[in-house]
Amino acid sequence: MKPWFATALAILLAYGVCACPEDKTKAIAASKIAYDLGVNHLNSNQVRQALDQFLKAVESNPEFPEAHNALGLLYFGIRDFDKAELHFKKAIDLKPDFSDAANNLGRLYLEKEDYDRAIEMFKKALSDMIYPTPQFATGNLGWALYKKGKTKEALEQFRKAVLLDPKFCLGHRWIGMILHETGEGLEARRGIEKFKEACPSEPEAHYRLAEVKHRFKLAPLADVMADLERSLEFNPSFCPSLLFVGRLHDEAMKYKEAAAALEKYFDACQDLTDAEAYLLTGTIYYKLDQQEKAAAYFGTCVKRWPDTVPGRACAELLAKTPPK
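5 is the number of the first residue of the sequence shown in the numbering used here; add one for each residue after it.
Don't take each hint at face value.
Stated by the list, open to error - In the EDC-like style, the derived pairs of lysine to aspartate or glutamate whose C-alpha atoms are separated by at most 20 Å in a straight line are: (1) 128 x 160; (2) 154 x 132; (3) 258 x 275; (4) 297 x 271.
To be verified - Listed next, with one range per pair, are the computed distances between beta-carbon atoms: (5) 190 x 316: 34 to 40 Å; (6) 190 x 241: 27 to 33 Å; (7) 115 x 59: 18 to 24 Å; (8) 156 x 124: 57 to 63 Å; (9) 93 x 154: 55 to 61 Å; (10) 308 x 155: 33 to 39 Å; (11) 136 x 56: 25 to 31 Å.
No lab work stands behind these hints: they were computed from the structure. Beta carbons are placed, not taken as given, at the ideal position from N, Cα and C, and that holds for glycine.
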């Protein structure tokens, strides 16, 4: 998926600021210049410099809603939620029909798990009949409803979002994921295939398709593995696919191939590893009679996650692993 600042840039560029009449103050002109510089910095992924310019923009003209929205997006991106909320609210106060600011504030509430306020903001954004990108707020509304346990209503919103924009990758992704979770295998596969069609170079789409096919036994192992390999062609370090390849080789009793895949996973994804990955890898080395490596993985698992189910399983296996 696109990084948050790329999406933010697209939104900011969509809002041109009207040229100031000659009788406007120098402060307003300076604010416009600072805002434009901020957008340019954001285009170059210079987040710190962009933040400085947007701050200058609202200092010169505190009644500049687009600049407040830009600041909200940047603070949201660095997870300073209090400042982000302040600026989103200011943007909406200054411009009540500012749908993108309402959508952004809804996203912030969604991140904070304040689903009722998130839903309120998404509906506010969608009340604007000329909102140019309603698929985003519609999809976000669906996700908020889903998090509140309203699965049927959520799916209705996601399907509406992809009707508005057939290339809306997140909408297709959400549909597939929810149907996967609710056990509707064939429908989940159709949803993920649409995700793949809309975003063919997105590694997650190929991974999700492999996941659905494997869980619901909708394709042979070779087909599932081909989807994972396709995912890794687009991103050789895509962690879920690397881990899944290791699991599939283990299921097929190809333990050397499983160990090789999992070593790639640990090399690429050290910050994302969990107790189950250590348990799996230690078990595979145990089956390969490589006791030192098995003990190393079991030992790390026990040390980092002693009170979890996988951690206790690692402790039992570590006790059975004979020293070499």
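A range of 25 to 31 Å was offered for this pair. Does it hold for the Cβ distance of residue 136 and residue 56?
holds, 29 Å
When you check the alpha-carbon spacing of residue 258 and residue 275, does it fall within 20 Å?
Violated - the C-alpha atoms of residue 275 and residue 258 are around 26 Å apart, more than 20 Å.
Pair hint outcome, residue 128 versus residue 160 [Cα-Cα no greater than 20 Å]:
holds, 18 Å
At the C-beta level, are residue 115 and residue 59 separated by a distance inside 18 to 24 Å?
holds, 22 Å
Do the alpha carbons of residue 154 and residue 132 lie within 20 Å of each other, as the hint requires?
violated, 24 Å
For residue 190 and residue 316, compare the CB-CB distance with the range 34 to 40 Å and indicate the outcome.
holds, 37 Å
Supplied distance hint 33 to 39 Å, evaluated on CB atoms of residue 308 and residue 155
Distance hint for residue 308, residue 155 holds at roughly 35 Å.
Would you say the C-beta atoms of residue 156 and residue 124 sit inside 57 to 63 Å of each other?
violated, 20 Å
CB of residue 190 to CB of residue 241, is that within 27 to 33 Å?
holds, 31 Å
Just to be careful, I want the Cα atoms of residue 297 and residue 271 compared with a cutoff of 20 Å; is the pair within it?
Answer holds: residue 297 to residue 271 is near 15 Å, not above 20 Å.
Taking the beta carbons of residue 93 and residue 154, is their distance inside 55 to 61 Å?
For residue 154 against residue 93, whose Cβ atoms are near 26 Å apart, the range 55 to 61 Å is violated.
Figure legend: structure checked against the earlier numbered hints; hints not met, in rising order: 2, 3, 8, 9.
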